[in-house]
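Here are the chains, one letter per residue:
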Amino acid sequence: MRRFLALGAAVLLAVSACSVGSNTGGGGDAEITFLTFETPNLTPAYWDAAIKRVTDKNPGIKVKKLVAPTADGRTSYAKQLLQSGQFPDVMIAVDSAGFAEAGNLYAWTPEELKDFQFPQANPVNGKYYQLPANTQTIPPIYYNKKMFADAGIAAPPKTWDELVTDAGKLKDKGYAPFTIGGGKDGFPSSMILSGLVSTEVYNTMPDWLTQRRQDKVKFADPAFQHAFAKLADLAAKGYVDKTSVSRDYAATEQAFLDGQSAMYPMGNWFSANADSKKHDFEVGVFNFPTEDGKLVVPAYTGGGMIVNAKATNLDAARKFALGFQLDKDQLDASVKADGLFPAIKGYTPPPDVGATFKAGYDLYTQAVQQNAVVHAFRWETADDGLLPGMKDKVDQAAQDVITGRKPVADACAFLDTEWAKAG
Amino acid sequence: MGEGGLTSLTAVAAPPAPPSTVVRRRRRRRPVLPRLAHFASFGAPGVLVYLCFVMAPILISFGYSLTNYNPFHPPVKFVGFDNYRLLFTDSQFLTALQVTTILTLIVVIVPNVLGLGVALLLDRKGWLYNALRSVFFTPVILSSVVVSIVWSRLLDDRGPLNSLLRDLGVSHPPGWLSDPDVALYSVASIVCWQMLGFCVVVYLAGLQGVPPELLEAAEIDGAGPLRRFRAVTWPLLAPSLTINTVVLLISAFKTYDYVKVITNGGPGSGATATIAFDVLQTGFDSNHVGYASAMAVLMLVIVALVTTVVLNFLRRREVDL
Chain A
1 MRRFLALGAA VLLAVSACSV GSNTGGGGDA EITFLTFETP NLTPAYWDAA
51 IKRVTDKNPG IKVKKLVAPT ADGRTSYAKQ LLQSGQFPDV MIAVDSAGFA
101 EAGNLYAWTP EELKDFQFPQ ANPVNGKYYQ LPANTQTIPP IYYNKKMFAD
151 AGIAAPPKTW DELVTDAGKL KDKGYAPFTI GGGKDGFPSS MILSGLVSTE
201 VYNTMPDWLT QRRQDKVKFA DPAFQHAFAK LADLAAKGYV DKTSVSRDYA
251 ATEQAFLDGQ SAMYPMGNWF SANADSKKHD FEVGVFNFPT EDGKLVVPAY
301 TGGGMIVNAK ATNLDAARKF ALGFQLDKDQ LDASVKADGL FPAIKGYTPP
351 PDVGATFKAG YDLYTQAVQQ NAVVHAFRWE TADDGLLPGM KDKVDQAAQD
401 VITGRKPVAD ACAFLDTEWA KAG
Chain B
424 MGEGGLTSLT AVAAPPAPPS TVVRRRRRRR PVLPRLAHFA SFGAPGVLVY
474 LCFVMAPILI SFGYSLTNYN PFHPPVKFVG FDNYRLLFTD SQFLTALQVT
524 TILTLIVVIV PNVLGLGVAL LLDRKGWLYN ALRSVFFTPV ILSSVVVSIV
574 WSRLLDDRGP LNSLLRDLGV SHPPGWLSDP DVALYSVASI VCWQMLGFCV
624 VVYLAGLQGV PPELLEAAEI DGAGPLRRFR AVTWPLLAPS LTINTVVLLI
674 SAFKTYDYVK VITNGGPGSG ATATIAFDVL QTGFDSNHVG YASAMAVLML
724 VIVALVTTVV LNFLRRREVD L
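Protein sequence lines correspond, in order, to chains A and B. Take 1 as the starting number for the first sequence in this note's numbering and just add one per residue. Take 424 as the starting number for the second sequence in this note's numbering and just add one per residue.
Quick caveat, the hints were computed from the structure, so don't treat them as lab data. Heads up, some of the hints might be wrong.
What the hints assert, rightly or not - Derived coverage of chain A by chain B (criterion: at least 3 residues anywhere in the stretch with Cβ under 8 Å from a Cβ of chain B; other residues may be distant):
1. 34-45
2. 179-189
3. 210-224
Said to hold, decoys possible - Under the rule of at most 25 Å between Cα atoms (straight-line distance), these lysine-lysine pairs were calculated in the DSS-like manner:
4. A/K114 to A/K328
5. A/K146 to A/K52
6. A/K52 to A/K278
7. B/K677 to A/K421
8. A/K158 to A/K294
9. B/K500 to A/K421
No experiment lies behind these values; they were computed from the predicted model shown. We put the beta carbon where it would ideally sit given N, CA and C, even for glycine.
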C-alpha cells in the first residue's frame, strides 16, 4: 500500500511539474502564443526565423506559433479562437476592430509608440491598439515590360483613359490585359475596385468611410457607382477575365509570373516575389492611374501586432511585439520577404533590395513628399474602416460585376444592404 | 419428451395457475431499482455526453437566437422572435436556402442512383471486383478539405480538365468554379463523387443480404433479370436506401467545408453559399451570433422535419423476410 501511495505521489509530482512547464515554458520562461499567417512570401521558415531572432534577443520569452488556416481569414480565425477561449497573446496583421471595443486588446501608450512614423494610425475610440508597423501601397499596378513593348506602349499610363487604351492594345496583340483572382482568397478580385474607389472617391472625400459610418453617404451614391462602373467597363470589354474569379491567391500571383497576362494590380508586397521568384520578363510598376492624371497613391499604414489585454504573460507579449516590430534585422527581413515599407522613424531599406521593390518604394516616397497618399479602400481598419464582415462583401460585389451576375447599381445596393445588416 | 409430457410434469409439481398470473408474479419478483441502476450504469455516460454536447448547445443556440448577441457589442438584449422574422425577408438567407435545397436534392439523388448501379455491377466474386470496391470506397476516407483542394485545382479554368477540353478544340470551356450558374453544380458533383463510395458499400451490404433462394425461385417462375430486380432485390434493398438517403440528406444540409475551400461561397454574392456557410460567416465574420443562431436553429428544424418525413416514407417501404 505504501509503495502504491509513493508511486501515486511521484505521478502527481510529475504531472504538476509538466503543467507548470507548459504554462510558462521550460526553465521558467514566459510562454506566449503568437498567431501568424502564411502566404507565398511569408513562409513557415520566415516566421520561424523571425521568432527566433526576437527570442534570441529576449531569452526569457518562449513563443508558441499558431497559423491561421488562410491568409485572408486570419481575423475570422482570431474571432473563433476568442470565442472558444483560446485568444492568442500576440497576433500580427489581424484587424483590431471589434476586439478593441470589447476590451480584448492592450492599448499602446504614447511612449511605446514613439518610434513609429505614424503613431496615430487606426484609432479606435481615441486609443491605439495595433502597432502601425508598416505601410503598404494598395494597389500599384505591376506590368510585364516585354508585353508592353510588344504592344507598342512606350510608357506606363498616367490617366484612366490611357490605361483603358493600353489594355485594348494589349488585347489586340493577344495578351490578357489584367491578372485577377478570387476563390477562397477573395481580395485579388477586388484589387481594381480598391484602386478605383481610393483614387476617385477618396481623392475628393478622404473620410468617405467615416461618413459612411455616419450614414451621410452610401455605396449607391453616384460617386461610388461612377468608380465601380469602370471595373464593369473593363469586364465588359473583356480586359478582365471573369473565369479568374475562382483562382486562389498563390495561383493568381504565379499566373502573372508565368506571363499569362500583362498587368497585375496587387499590394506592394508582391514586389518581394517579383524580385525573387523566377520569371522570364522584366517587371515594372506604376501608380494606379487617376481620371485626370493627378498623383494619388492609396496606402494603408498598420498591419502590425496586437496584444491580448488578458494575456497571462502580458509583459512578455508586449516586449515580444515591440521587439519584433522595431528590430532592424527583422525589418530588413520583412522588406525582403514581403516587400513592406516599415513605418519606423529613421528606417531606410537595406541597399541590396530588389529592383521592383525599389521602384515601388520610390513611387511611395514621391507620394509622401507630395502629400498625395490616401486610404486604400477595403484595407482600412479601426474607426475609419469597413464594418466587420464587409470586406468579403466588397469582394463578392466585385466578382458579381466581373462575372456579369449583377449590374453596378445592384452591386452597390447589395453593399448598402449588407452594411445595414453589419451595423 | 413431447409437449404432453411437459404439461403433466408441471401439473404434478404445482396446481395449475392462469398463465397471466404466473407472468405477473415473475415480474413482481424482480426489484425495479437495481434494474434501473443497471440500465443507468450503461446509459448514463452516453446520455451525459448527448446532453452536454448535443442538447445543451442546441438549447444555448436557441437562447442566443432570441437575442441580439454580438460578442463585440455588449450588452445583450432580448429581441424575441425578431431574428426569425428578419430571416424570411433576408435575401441572402433565402438564396442560401435555395442553394442548400438544390445541393441537397443533387447529393441525395445522384450518389443513390449511381451507387446502386455500381453496387449491382460489383456484386460478384473475384479479385478484380474486390479491388474495384476499394477504388470506389477510397474517396470516402479522404478528408473533405483535401478532396476540395484537389478538385479545385482540377477544375480551375487553366487546370487539367479545361486544358484537355481546349486541346480537344473547345475554345471556351465552362468556368466550372467561376461561372455563377455552373459553380454550384460543380461543388455538388464533388460532394457526390466523395459520397458515391459510401452508397456503394451500403448497397453491396444490402445485396449480400438478399437470399439467393428467393432469386432462384423467381427465376424458376420465369422472371427475367429486370423483373427479379424489381420484385425481389429492390424491396429487400429498402433499408439500404433508407440509410443512404438519410445520411446523404443530413450531410448535404450541413455542407460547409467544400464550399469554404472551393469557392468561399462565391463566385460573387452567394452563388454557392449554403445555410451552414452563411451561419458561420454571419456568426464569425460579421459577429452577429444571435442572428446566426436563429439561422442554425431554423436549419435544425428544417433538417429534422425533412428527415422525419423521408424516414417515415422510406421505413414504410421496408419489408421483413
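Verification of the hints:
1. 34-45: violated (count 0)
2. 179-189: holds (count 5)
3. 210-224: violated (count 0)
4. A/K114 to A/K328: 16 Å, holds
5. A/K146 to A/K52: 41 Å, violated
6. A/K52 to A/K278: The given pair, whose Cα atoms are some 28 Å apart, is violated under the 25 Å limit.
7. B/K677 to A/K421: Roughly 24 Å between the alpha carbons, so the hint for B/K677 and A/K421 holds.
8. A/K158 to A/K294: Judged against 25 Å, a Cα distance of about 8 Å means the pair holds.
9. B/K500 to A/K421: 17 Å, holds
Against the hints set out earlier in the document, violations occur for numbers 1, 3, 5, 6.
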